[in-house]
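Q: Sequence:
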Amino acid sequence: MKRLFKNAEVYRDGKTEIEDILIDGTTGKVEKIGRSLSDAEAEEYDLTGKLLAPGLVDIHIHLREPGGESKETIETGTQAAARGGFTTVCAMPNTRPVPDSAETIDELQKKIKKNAVVRVLPYAAITERQLGKSVTDMQTLSERGAFAFTDDGVGVQTAGKMYEAMIEASRLNKAVVAHCEDNSLLYGGMLHDGEKARELGIKGILPASEAVHIARDILLAEETGVHYHVCHVSAKESVRVIRDAKRAGINVTAEVTPHHLMLTEDDIPGDDANYKMNPPLRAQADREALIEGLLDGTLDFIATDHAPHTAEEKNMSIEEAPFGIVGLETAFPLLYTHLVETKAVPESQLLDWLTKKPAEVFQLPYGEITEGGYADLVVIDRHKKQRVDTENFLSKGTNMPFNEWELTGWPVMTICEGNIVWNEKEEKVR
1 MKRLFKNAEV
11 YRDGKTEIED
21 ILIDGTTGKV
31 EKIGRSLSDA
41 EAEEYDLTGK
51 LLAPGLVDIH
61 IHLREPGGES
71 KETIETGTQA
81 AARGGFTTVC
91 AMPNTRPVPD
101 SAETIDELQK
111 KIKKNAVVRV
121 LPYAAITERQ
131 LGKSVTDMQT
141 LSERGAFAFT
151 DDGVGVQTAG
161 KMYEAMIEAS
171 RLNKAVVAHC
181 EDNSLLYGGM
191 LHDGEKAREL
201 GIKGILPASE
211 AVHIARDILL
221 AEETGVHYHV
231 CHVSAKESVR
241 VIRDAKRAGI
251 NVTAEVTPHH
261 LMLTEDDIPG
271 DDANYKMNPP
281 LRAQADREAL
291 IEGLLDGTLD
301 FIATDHAPHT
311 AEEKNMSIEE
321 APFGIVGLET
331 AFPLLYTHLV
341 ETKAVPESQL
351 LDWLTKKPAE
361 VFQLPYGEIT
371 EGGYADLVVI
381 DRHKKQRVDT
391 ENFLSKGTNM
401 PFNEWELTGW
411 PVMTICEGNI
421 VWNEKEEKVR
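Counted from 1, the sequence shown has number 36 at position 36 by UniProt numbering; the numbering is strictly sequential.
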């Protein structure tokens, strides 16, 4: 089916103009962009007053399936992504089994093909079972569709094993993506090692546990020439290390999450596990360094680190509950409300951080609207105000600190490869 989106404020090539876009649902591509377009076969949508942007790209999410279906499934996680305006998501490998062999990634790809509502690019593990002992068969995993390699939340603790992995990933022209945390510096910490942790009597996590790990890996990346990407940067020391590495010409990129841009340890109201994430919410100086790092290009883009857990798991004390919060369904309005409406950053900059930049960093053919390109689009109502209601989420996870926040600028329709996968008017996901 062809669809013609009329009179939209189309964001492309860094600017917004009133244009029409004709897409072909059969090919999944954008057929034509221009003024006063018409096509007798196409279904028309009048988007007067709405922003039409490239579909959002999230390099860092957790779908939990297989093995964690009580928290999330490929179906519910990608439904949440569609509602949030995301058309491409990259799924972390902390599932059971771990995608670390031809058999496990083949089985995962079958589940994705059957149940995903939007495009899912799966990561494969750096080491077998994410144990940090034996590097996986990266060539086979690449041939079976691994997007990139990461051991996700456990990190690779020994420099030698990371060095071996980087050599192989570099040979395959694949990125090594890292959750950076030196376990020898954790000391049982649960929150940032600051005033809030001391007030609550909970052990803190040193910023150095993150920055030391990043510094080690950056030197290994320089040695091997691999593309090294740092997940969810949280500390000012980490920003400084990455900035220095970029100045030195090392092939390093980095992401930051919406929650680390919005909140600090001072926002934690008490022993509430909805504020427990890894890395933790840090101090105001760290938050300011993250924003500065985004603006000067030290940090390349924003990713949600969507990490669903069951209500039972999160309805415990900070010391007992697992780390992580969800974010797919609220990322854009949260950032739009608190960065664009406050004039901290231009709308075009925010859109690039969520579309073009992550695609560029990982050389993906998404994140832009072009004739002949993928018809991945999101329609955003900049004027729509709505309170976050976690009870209404499509994700199984409701664990987040933003419930009942009033936000502006909500996605109202998402199109992936020419197909409407979320339409607010119909309250419908494909």
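Be a bit skeptical, because a hint or two may be false.
List of simulated lysine-lysine pairs, DSS-like, C-alpha gap at most 27 Å [stated by the list, open to error]:
id : residue 1 : residue 2
1  : 425       : 114
2  : 6         : 384
3  : 15        : 385
4  : 384       : 425
5  : 6         : 29
6  : 246       : 6
7  : 343       : 384
8  : 425       : 32
9  : 2         : 15
10 : 110       : 29
11 : 343       : 2
12 : 113       : 133
13 : 29        : 113
14 : 133       : 114
15 : 32        : 15
16 : 114       : 29
17 : 2         : 161
18 : 113       : 161
19 : 236       : 114
20 : 2         : 133
21 : 6         : 425
22 : 203       : 246
23 : 111       : 161
24 : 29        : 425
25 : 161       : 29
26 : 246       : 236
27 : 2         : 32
28 : 114       : 161
29 : 161       : 246
Ranges of calculated distance between the beta carbons of each label pair, as one might list FRET restraints [to be verified]:
id : residue 1 : residue 2 : range
30 : 225       : 201       : 26 to 34 Å
31 : 391       : 269       : 16 to 24 Å
32 : 40        : 137       : 50 to 58 Å
33 : 35        : 199       : 57 to 65 Å
34 : 342       : 425       : 24 to 32 Å
35 : 35        : 312       : 50 to 58 Å
36 : 225       : 267       : 39 to 47 Å
By construction, these hints were calculated from the structure, which means they are not laboratory data.
Bear in mind the structure is a predicted one, so any value in this text is a computation, not a measurement.
C-beta atoms are modelled at their ideal positions from N, C-alpha and C, and glycine is treated no differently.
Q: None of the hints should be skipped; say for each whether it holds.
A: For each hint, the structure was consulted:
1. Among the hinted pairs, residue 425 with residue 114 is consistent with the structure: their alpha-carbon atoms are about 26 Å apart, no more than 27 Å.
2. Restraint check: the Cα-Cα separation between residue 6 and residue 384 comes to about 20 Å, which is no more than 27 Å; the hinted pair holds.
3. For the hint pairing residue 15 with residue 385, the CA-to-CA distance comes to about 24 Å; that is within 27 Å, so the pair holds.
4. As the CA atoms of residue 384 and residue 425 are separated by approximately 13 Å, the hinted pair is consistent with the 27 Å bound.
5. Proposed proximity of residue 6 and residue 29 is supported: the alpha carbons are some 17 Å apart, at most 27 Å.
6. Simply put, residue 246 and residue 6 have alpha-carbon atoms about 42 Å apart, too far for the 27 Å limit, and the pair is violated.
7. Under the criterion of a C-alpha separation no larger than 27 Å, the hint pairing residue 343 with residue 384 is consistent with the structure, at around 18 Å.
8. At roughly 25 Å between alpha-carbon atoms, residue 425 and residue 32 fall within 27 Å of each other, so this suggested pair holds.
9. Of the pairs offered as hints, the one joining residue 2 and residue 15 holds, with about 26 Å between alpha carbons and a cut-off of 27 Å not exceeded.
10. Restraint check for residue 110 and residue 29: the C-alpha separation of about 24 Å stays at or below 27 Å, so the hint holds.
11. Of the pairs offered as hints, the one joining residue 343 and residue 2 is violated, with about 37 Å between alpha carbons and a cut-off of 27 Å exceeded.
12. The hinted pair formed by residue 113 and residue 133 fails the criterion: a straight-line CA distance of about 31 Å is larger than 27 Å.
13. Of the pairs offered as hints, the one joining residue 29 and residue 113 holds, with about 19 Å between alpha carbons and a cut-off of 27 Å not exceeded.
14. Simply put, residue 133 and residue 114 have alpha-carbon atoms about 33 Å apart, too far for the 27 Å limit, and the pair is violated.
15. Restraint check for residue 32 and residue 15: satisfied, since their Cα atoms lie roughly 18 Å apart, inside the 27 Å limit.
16. About 21 Å separates the Cα atoms of residue 114 and residue 29, which keeps this hinted pair within 27 Å; it holds.
17. For the hint linking residue 2 to residue 161, the alpha-carbon distance of about 50 Å lies beyond 27 Å, and the restraint is violated.
18. For the suggested pair residue 113 and residue 161, the alpha carbons sit about 33 Å apart, so the restraint of at most 27 Å is broken.
19. Taking the CA atoms of residue 236 and residue 114, the gap is near 42 Å; set against the 27 Å cutoff, the hint is violated.
20. A distance of roughly 51 Å separates the Cα atoms of residue 2 and residue 133; the hinted pair therefore is violated under the 27 Å criterion.
21. This hinted pair checks out: residue 6 and residue 425 have alpha carbons roughly 17 Å apart, not beyond 27 Å.
22. Simply put, residue 203 and residue 246 have alpha-carbon atoms about 33 Å apart, too far for the 27 Å limit, and the pair is violated.
23. For the given pair, residue 111 sits about 31 Å from residue 161 by alpha-carbon distance, which is inconsistent with the 27 Å threshold.
24. With a C-alpha separation of about 24 Å, the suggested pair residue 29 and residue 425 falls inside the 27 Å cut-off, and the hint holds.
25. Among the hinted pairs, residue 161 with residue 29 is inconsistent with the structure: their alpha-carbon atoms are about 42 Å apart, more than 27 Å.
26. For the suggested pair residue 246 and residue 236, the alpha carbons sit about 15 Å apart, so the restraint of at most 27 Å is met.
27. Between residue 2 and residue 32, the direct Cα distance comes to roughly 11 Å. Compliance with the 27 Å bound is thereby established for this hinted pair.
28. Note on residue 114 and residue 161: the hinted pairing is violated, with a Cα-Cα distance of about 35 Å set against a maximum of 27 Å.
29. Distance hint between residue 161 and residue 246 is fulfilled; the C-alpha atoms sit about 24 Å from each other, no more than 27 Å.
30. For the hinted restraint 26 to 34 Å between residue 225 and residue 201, the CB-CB distance of approximately 46 Å leaves it violated.
31. Taken as a hint, the range 16 to 24 Å holds for the pair residue 391 and residue 269, whose Cβ atoms sit roughly 20 Å apart.
32. For residue 40 paired with residue 137, a C-beta distance near 53 Å keeps the hint of 50 to 58 Å intact.
33. Hint check: residue 35 to residue 199, Cβ distance near 59 Å, so the stated range 57 to 65 Å holds.
34. Against the hinted window of 24 to 32 Å, the Cβ-Cβ separation of residue 342 and residue 425 comes to about 29 Å, which satisfies the hint.
35. Checked against the hint of 50 to 58 Å, the pair residue 35 and residue 312 passes, with Cβ atoms roughly 54 Å apart.
36. For the hinted restraint 39 to 47 Å between residue 225 and residue 267, the CB-CB distance of approximately 40 Å keeps it satisfied.
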